[in-house]
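Chain by chain, the residues:
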Amino acid sequence: MHYERDFLKMVVLAAKNADRPLVTCDDCWEQVDQFAEMTLAGKDAGAALPLVKEHIEKCGECSAEFNALLDALRATARLSLFKPDTGS
Amino acid sequence: MRSLRLLFTEEGQYTHQLSERTNQEWVDALQGPEREQAIEELRLVLVRGLRFGLKGILGRKGAIEQIEDFVQDSLLRILDNLDSFRGESRFTTWAQKIAMRVAFSELRRKQWENVSLDQLVSSDPRDSSSPVTFPDPAPDPEHIASGRMAVELVSSIIDNELTELQQTALKAIIIHRVPMDEVARQLGTNRNALYKLLHDARKKVRTELEKRGLTPDDILAEFED
Chain A
1 MHYERDFLKM VVLAAKNADR PLVTCDDCWE QVDQFAEMTL AGKDAGAALP
51 LVKEHIEKCG ECSAEFNALL DALRATARLS LFKPDTGS
Chain B
1001 MRSLRLLFTE EGQYTHQLSE RTNQEWVDAL QGPEREQAIE ELRLVLVRGL
1051 RFGLKGILGR KGAIEQIEDF VQDSLLRILD NLDSFRGESR FTTWAQKIAM
1101 RVAFSELRRK QWENVSLDQL VSSDPRDSSS PVTFPDPAPD PEHIASGRMA
1151 VELVSSIIDN ELTELQQTAL KAIIIHRVPM DEVARQLGTN RNALYKLLHD
1201 ARKKVRTELE KRGLTPDDIL AEFED
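Protein chains in written order, with my numbering: chain A, 1 to 88; chain B, 1001 to 1225.
Just chain A, with the same shape it has in the complex (with noise of 0.2 Å):
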């Protein structure tokens, strides 16, 4: 008996891509506020932080957290909370 050959693929999957740099969830969360800001303002996100947008792309975990995000802000941008800083 062996495994079923779709786990095994996504094993294999997950092998090919070993060598890509690791991002954990946490490294992802640090910078995710910023992501979403970026995406919001119609800024290349993906561009400026590159590792984060593969994170989100292949963990589950943060792109459900992420597009809740995202309509959270998106309801919250009316309200208008927000001042820039005028100094330094």
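No lab work stands behind these hints, which were simulated from the structure alone. One should not assume that every hint holds.
As the list claims (entries may be wrong) - Computed, partial: chain A to chain B, Cβ under 8 Å:
1) Lys16
2) Gln34
3) Ala68
4) Leu79
All C-beta atoms, glycine included, are put in the ideal place defined by N, C-alpha and C.
Position chain B relative to chain A; hints supplied.
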């Protein structure tokens, strides 16, 4: 000079006045004489954000009590971690990021709290009590001519080269789609450490393939029908 904005409900009703603040003003307000007002305003922001952010999970109207619980937990975490706010995003974005993590972690924990990883993994379509053995050194790449041999080889690597923790985590996440938060909780670790454990596992699989003169693409080609 602080300007005030009105917060409207979805039905358009006035509810509260909220203050515009710079990032520094948010941090100062949450620690100074305006603390109670700032906390209340931040609470309103988080409630609104979570209601919309979790709409697909909790429904449009439902679970407001649950959201309030998430917000209370989030406020505690935000206030405890004000020193770590570096101003790289708006304060309210940073705060909502924390609230989202708090909410998702709790939702996942509740969804999976009665599910045992041991039970899940033991029900896999694979009898680990009779592991596949694969002769070492491995066969010439030309001999990996069939999908069946590729299945045997990768199964063997998983059984014999990965640690028990790595095997359990891979099966739980890939086969059973258990969230990493929950896998980490049941394995007594955290999501970050689990991610590293999985990274080490995939590196190990790749190394073992390379030892046999194979690449992941060689195997993937065999898996294609």
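Taking the hints in turn, this is what the structure says about them:
| no. | hint | in the structure |
| --- | --- | --- |
| 1 | Lys16 | 4 Å, holds |
| 2 | Gln34 | 5 Å, holds |
| 3 | Ala68 | 4 Å, holds |
| 4 | Leu79 | 6 Å, holds |
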